[in-house]
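J.: One-letter residues, chain by chain:
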Amino acid sequence: MTLFKDMAAFVAAYWMVLLPMALAVAALTWLLPRPRGRSIGRGAACGLAALLAGGALLFRSGRSVTPETVLFYAFAGMAILGGVFLIVQRNPARAAISFAVVVMNVGGIFLLQAAPFLMAATLIIYAGAIIVTFLFVLMLAQQTGFSNADDRSREPFLAAFAGFMLLGVLLIGLLRSYPESQTLARTIERLESTRDQASLQEIRSRLGDSTEIVRLLRHEAMRRGGSSRVIDFENAVIDLEAVLGSGQAGVEQIRLRIDEVCQAGHALIRQDEPKPLPAANTKALGLSLFSEHLFAVEMGGTLLLVATIGAIAIAGRRAEATT
Amino acid sequence: MMPLANYLVLGAVLFVLGAIGFLTRRNLIIMFLCAELMLQGVTINLVAFARQHGNMTGQVFTLFILTVAACEAALALALILMLYRRRKSLDVSLWQDLREPGLDSSVDADAPLEEPLPESLPKLTPAGLEPDQTPEDTYV
Numbered sequence: 001m002t003l004f005k006d007m008a009a010f011v012a013a014y015w016m017v018l019l020p021m022a023l024a025v026a027a028l029t030w031l032l033p034r035p036r037g038r039s040i041g042r043g044a045a046c047g048l049a050a051l052l053a054g055g056a057l058l059f060r061s062g063r064s065v066t067p068e069t070v071l072f073y074a075f076a077g078m079a080i081l082g083g084v085f086l087i088v089q090r091n092p093a094r095a096a097i098s099f100a101v102v103v104m105n106v107g108g109i110f111l112l113q114a115a116p117f118l119m120a121a122t123l124i125i126y127a128g129a130i131i132v133t134f135l136f137v138l139m140l141a142q143q144t145g146f147s148n149a150d151d152r153s154r155e156p157f158l159a160a161f162a163g164f165m166l167l168g169v170l171l172i173g174l175l176r177s178y179p180e181s182q183t184l185a186r187t188i189e190r191l192e193s194t195r196d197q198a199s200l201q202e203i204r205s206r207l208g209d210s211t212e213i214v215r216l217l218r219h220e221a222m223r224r225g226g227s228s229r230v231i232d233f234e235n236a237v238i239d240l241e242a243v244l245g246s247g248q249a250g251v252e253q254i255r256l257r258i259d260e261v262c263q264a265g266h267a268l269i270r271q272d273e274p275k276p277l278p279a280a281n282t283k284a285l286g287l288s289l290f291s292e293h294l295f296a297v298e299m300g301g302t303l304l305l306v307a308t309i310g311a312i313a314i315a316g317r318r319a320e321a322t323t
Numbered sequence: 001m002m003p004l005a006n007y008l009v010l011g012a013v014l015f016v017l018g019a020i021g022f023l024t025r026r027n028l029i030i031m032f033l034c035a036e037l038m039l040q041g042v043t044i045n046l047v048a049f050a051r052q053h054g055n056m057t058g059q060v061f062t063l064f065i066l067t068v069a070a071c072e073a074a075l076a077l078a079l080i081l082m083l084y085r086r087r088k089s090l091d092v093s094l095w096q097d098l099r100e101p102g103l104d105s106s107v108d109a110d111a112p113l114e115e116p117l118p119e120s121l122p123k124l125t126p127a128g129l130e131p132d133q134t135p136e137d138t139y140v
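Order-wise, the sequence lines are chains A and B. Here the first sequence stands for residues 1 to 323, where the numbers follow the working numbering. Here the second sequence stands for residues 1 to 140, where the numbers follow the working numbering.
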């Protein structure tokens, strides 16, 4: 009985994650190729619904729409669509083309993340070299279009269920460790607005339930781990709690404590923001590659050489020559 | 500024799609492409973390992933070509006699559209005369 209750509570808490997962399992079960019972219309409808529900999960209200937001959703949506096309396509050549689409959109995501060199390298290596080589092999091997094996997939429902179970667990984990990133900023703002009130009663009435605020601040501190800034912040919160609880503290004292909490909180918020990357991406990448990671670069070169020799040794033997 | 979590979610979605494709599809080349799709998901994670921490380590890791993916592509291509020469098909189920002992073989639910061709094993080249085998004197 308690198990049932726990599960109901879990579903109620995370239905926003579980709903797109269930829709995606249904979509892939219908879409994956098989001789009978494949329904592209229903699968596509479920898939689009899952994509929209997942997008709504990511999109937090109260955030201004910037070009980056639009580009991120465009690239991410195209990449996911390309990935779905890749795995549900019966024709392997079309699957290879969909993979090229995925690679291009991932390149766009790399640009958004300030990695132009990687964008170029990924496009050249994947879309330019790997896909083309595989298309060659495909043309060599399957000249008659798709075959019996391409029309079947092994256990579509179980595989989709297992895969999206993994994704659901990952998403719930992310949701718990990266909750609304603006909670701390909003709470600090609220504290700052109370500080400027004239009298003690006004401060207390503006603050509302002081234990609630302290609990919120503590939670935010706990979530950020134990760096020295977090410890400063926690100490400031403890001081504030003591002053608020004592009942005989003066206005000046409360103001001082609120100030301390706000300063430590701003330091924490700054810590959460991404740090600037070096401006010249290629130069910085080269410097890092050939100074800190020189040994790994040499090992990578050796790996490439060994793989080339291995590929020639494996594929070089011709069946015709031995008959 | 997009939060880091959004990029992590995109990476996770691509990884899971690749994993599902790798488990279900039976064409060797599509399985390989799905493995590459999983690698793409991982690289998005690494680049996003590089952006968040403001150093180049994540991008360097991504370059190494590219290197390993290129090696993997070369070797996979050679292996796929060799498997294709044996069976004249890219279907991975034809190789299921390599499975773990004690497992049942998977059989298609509906009758297959065509019979798979028999495996063509490499033949040894008969070359030259048969050597006369004189017993060697050993001094060991």
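Read the hints as simulated data drawn from the structure, not as lab findings. The structure displayed is predicted, hence computed values, not measured ones. Fair warning: there could be bad hints in the mix.
Said to hold, decoys possible - Quick partial rundown of chain A residues pointing at chain B, CB under 7 angstroms, derived from the structure:
hint, residue
1, Phe72
2, Ala76
3, Ile87
4, Arg90
5, Gly108
6, Ile109
As the list claims (entries may be wrong) - From chain A, some residues computed to sit far from chain B (all C-beta separations above 12 angstroms):
hint, residue
7, Thr2
8, Val88
9, Pro92
10, Phe117
11, Ser177
12, Arg186
Note that CB positions come from ideal geometry on N, CA and C, so glycine has one too.
J.: Each of the hints needs a verdict: does it hold here or not?
T.: Each hint tested on the structure:
Checking A/Phe72 against chain B: minimum C-beta separation of about 5 angstroms stays under 7 angstroms; hint holds. Below 7 angstroms, beta-carbon pairs count as interface contacts, and A/Ala76 has one with chain B at about 5 angstroms; its hint therefore holds. Annotation: A/Ile87 was flagged as interfacial toward chain B, and the flag holds, the nearest CB pair being 3 angstroms apart, inside 7 angstroms. Interface hint at A/Arg90: violated, since its Cβ lies 9 angstroms from the closest Cβ of chain B, which is beyond the 7 angstroms cut-off.
Hint status for A/Gly108: violated, given a least beta-carbon distance of 11 angstroms to chain B, over 7 angstroms. Hint status for A/Ile109: holds, given a least beta-carbon distance of 6 angstroms to chain B, under 7 angstroms. In this structure A/Thr2 is separated from chain B by more than 12 angstroms, as the shortest Cβ-Cβ distance comes to about 31 angstroms. Not every CB of chain B lies more than 12 angstroms from the CB of A/Val88, the least distance being 9 angstroms, so the non-interface label is violated.
Interface exclusion of A/Pro92 from chain B breaks down, the closest Cβ pair being 5 angstroms apart, not more than 12 angstroms. Against the 12 angstroms criterion, A/Phe117 falls within the reach of chain B, whose nearest CB is about 8 angstroms from its own CB. With a cut of 12 angstroms on Cβ distances, A/Ser177 falls inside the contact zone with chain B, its closest approach being about 8 angstroms. Under the 12 angstroms C-beta cut-off, the non-interface status given to A/Arg186 relative to chain B holds; the minimum distance is some 15 angstroms.
Of the numbered hints given earlier, the model fails hints 4, 5, 8, 9, 10 and 11; all others are met.
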